[in-house]
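Trainee: For reference, the chains in residue letters:
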Amino acid sequence: MKRSSKIIFSSLTSLLVLVLFSGLAFAQGGEAEAIKAQGLASNYGLIALAAGLGIAIAALGGGIGQGRAAAAALDGIARNPGAADQIRGPMILGLALIESLVIYALIISLLLVLKVGA
Amino acid sequence: MGEHGTWFDYLNRFAWWQKFDHWAQEMLGRKSGLKMFATGWTLTHVLITLVVVAFITWGALAFLGGTKSADKGLVPPRKMNLRNFFEVLAESLYGLVEGAMGEKNAPRFLPLIGALFMFILFNNLFALIPGFSAPTDTLKTNVGIALGVFFLTHIYGVREHGLAYFKHFLGPSPALIPLMLPIEIISHLARPLSLAVRLMGNMMADHKVVMSFFALVPVLVPLPFLLLGLLVCGIQALVFCTLAMVYIGMAIEHEEH
Numbered sequence: 001m002k003r004s005s006k007i008i009f010s011s012l013t014s015l016l017v018l019v020l021f022s023g024l025a026f027a028q029g030g031e032a033e034a035i036k037a038q039g040l041a042s043n044y045g046l047i048a049l050a051a052g053l054g055i056a057i058a059a060l061g062g063g064i065g066q067g068r069a070a071a072a073a074l075d076g077i078a079r080n081p082g083a084a085d086q087i088r089g090p091m092i093l094g095l096a097l098i099e100s101l102v103i104y105a106l107i108i109s110l111l112l113v114l115k116v117g118a
Numbered sequence: 001m002g003e004h005g006t007w008f009d010y011l012n013r014f015a016w017w018q019k020f021d022h023w024a025q026e027m028l029g030r031k032s033g034l035k036m037f038a039t040g041w042t043l044t045h046v047l048i049t050l051v052v053v054a055f056i057t058w059g060a061l062a063f064l065g066g067t068k069s070a071d072k073g074l075v076p077p078r079k080m081n082l083r084n085f086f087e088v089l090a091e092s093l094y095g096l097v098e099g100a101m102g103e104k105n106a107p108r109f110l111p112l113i114g115a116l117f118m119f120i121l122f123n124n125l126f127a128l129i130p131g132f133s134a135p136t137d138t139l140k141t142n143v144g145i146a147l148g149v150f151f152l153t154h155i156y157g158v159r160e161h162g163l164a165y166f167k168h169f170l171g172p173s174p175a176l177i178p179l180m181l182p183i184e185i186i187s188h189l190a191r192p193l194s195l196a197v198r199l200m201g202n203m204m205a206d207h208k209v210v211m212s213f214f215a216l217v218p219v220l221v222p223l224p225f226l227l228l229g230l231l232v233c234g235i236q237a238l239v240f241c242t243l244a245m246v247y248i249g250m251a252i253e254h255e256e257h
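Residue numbers (our numbering), protein chains in the order written: chain A, 1 to 118; chain B, 1 to 257.
Calculated directly from the structure, the hints in this document are not laboratory data.
Since no wrong hints were added, every one of them can be taken at face value.
So, partial list: chain B residues that the calculated Cβ filter (under 10 Å) puts toward chain A:
hint, residue
1, G99
2, S194
3, V197
4, R198
5, G201
6, M204
7, I235
8, Q236
9, L238
10, V239
11, T242
12, L243
The beta-carbon is built from N, C-alpha and C at its ideal position, and this holds for glycine as well.
Extracted from the complex, chain B is given alone in its bound form (with noise of 0.2 Å):
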């Protein structure tokens, strides 16, 4: 299957698109030795994140224009609009933190999974949408993701227990040391891995699944598979951050006596 043109791709038709690629290949340094898998260049999926985010702030605007007026916000309206919608999401979110972080905590992280589920789930689904490709099936996306989760982890651990939060690297007792701390260091690292290469590995299976069938026979059989990859796209932004809830909660968690 391999990867396919985007609508973007028609945007290489204008100069200043052109000069601004290749300035910003430049910068980013893909001419010089650092390449690390021989990829293609696009800025494809930074495109795609920006029409992401830019929906969300919309989206969190009309949230926001219904919390400001009284008579507006109270009475729920008859249909699904794009306040109701991000009302709806931000409430199930709620739930969501509390249930997994305790109800002390959840306001506090509330901004931060809640951002992250929905950044996730939009960006997964405009694997959906034919001639458009997800940012969240190449690595490039989901890394910053992840390396970001890994270090709000570590940050949160420090502000809560202060430095003593690496003492709970060396495990129960000092004679373990050389034994829990390799352990422990190759844990760690290995969970934003994880987290990146889960969701790349989903979301490219999942699109290449569809793709294939859509190739096949265009008419009525892609609909089962787009289904399933509705809920893919779902499950996987919940794993991911139920996975940062349960990494955040283990760092800052204190010990029960």
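So that you can see chain A by itself, here it is in the shape it has in the complex (with noise of 0.2 Å):
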């Protein structure tokens, strides 16, 4: 890698690390109160994590799957451009259902959001 690369690659990767780890050195007693105070969770670094990285892998699989059923809907227009109303209304459904399981996934997250207040 060039040398510019790998410095942006480890200080992120140490600014990632930091992040993950910091929400541990809450669990210390006297340091919830004073988070309790400012009126969040006492673990809420943990809650705000949990809720992001949820809906960003809900949304990367709902992403590939939605892809496919559009690229297989494309394909047969493709082959056959006067089937395309009967195969729109299948591509319409199958990527509604595809997208309500990343949607379930959202409920969860916004459940989550609204816990990191206390």
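If you follow the hints, you should be able to join the two separate chains into one complex; please do so.
Mentor: Have a look at this one:
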């Protein structure tokens, strides 16, 4: 790798490690009360991280799934352009069903975000 | 983002509305320990639902007026008016139901599926009007509709097959009953939940997207997101009705030999 990208990569990794492990620092008792005084739950860092990562991974899976469904529909239309109207209906239905799984993960993320406040 | 006020909040200025609100809150047990989630109490979604039902009834009466009189009903008018709109809607809904359930069953299920579709569509469309929110983005409305569909599938199944309908839960052979029965029960219970949560999640997320772009740049930027919102409203109503038709179809289908 080039030197500049090595520096960027290592700084980003150390930042990520710092963010991930800073949640552990709040497991001590005296800090928890100070945080509750701010109106946050005692392990708010982990909850916020879970909310963010949950919806991110769900969006990743949903994007891949919907991409495959749309690609199959487009293949079908390319092979048989007269069937475009027939293909459109099941394609929309399939896309909506795949999207609903992402929406379930979004609901959980929203519930978690609401728990960051005490 | 969170909840925002609607135009119906101005009703709180009237003392009779506040009294009615308190009375409804006590009657429905919100002050006792029956709460599941700590949501705020509003009657806004009930009011918007009433407006939607009034609009659908008005449109249905306009449609009826077209069928009763012999000369007005034959020639389609040049411009789109209320009767025309509902005629187009009814005809496309009949095509939808006929495609999914077959020609014999279509007139039987058109009232249910048509009413569901129009109710959900017009309720969803309220989310796009500034100053209102959709009743279908609360779990309260959606669980009501989804439970209705759930009970109706079983009632239609029992009507069609008699009590032998419940043998469908047992699977193909008696040895598999301890495996098939829990799986079938769980999958049947997951259906109304998934219907309700899918609709709620889509409407809530779409409403938040439109609202956040309104908050950022109120002038021209929200326009593509409003178009996306129109698409999502229609598609979610379509998906709900298609799934309802699939569930009812599976409950009343006879085995092909």
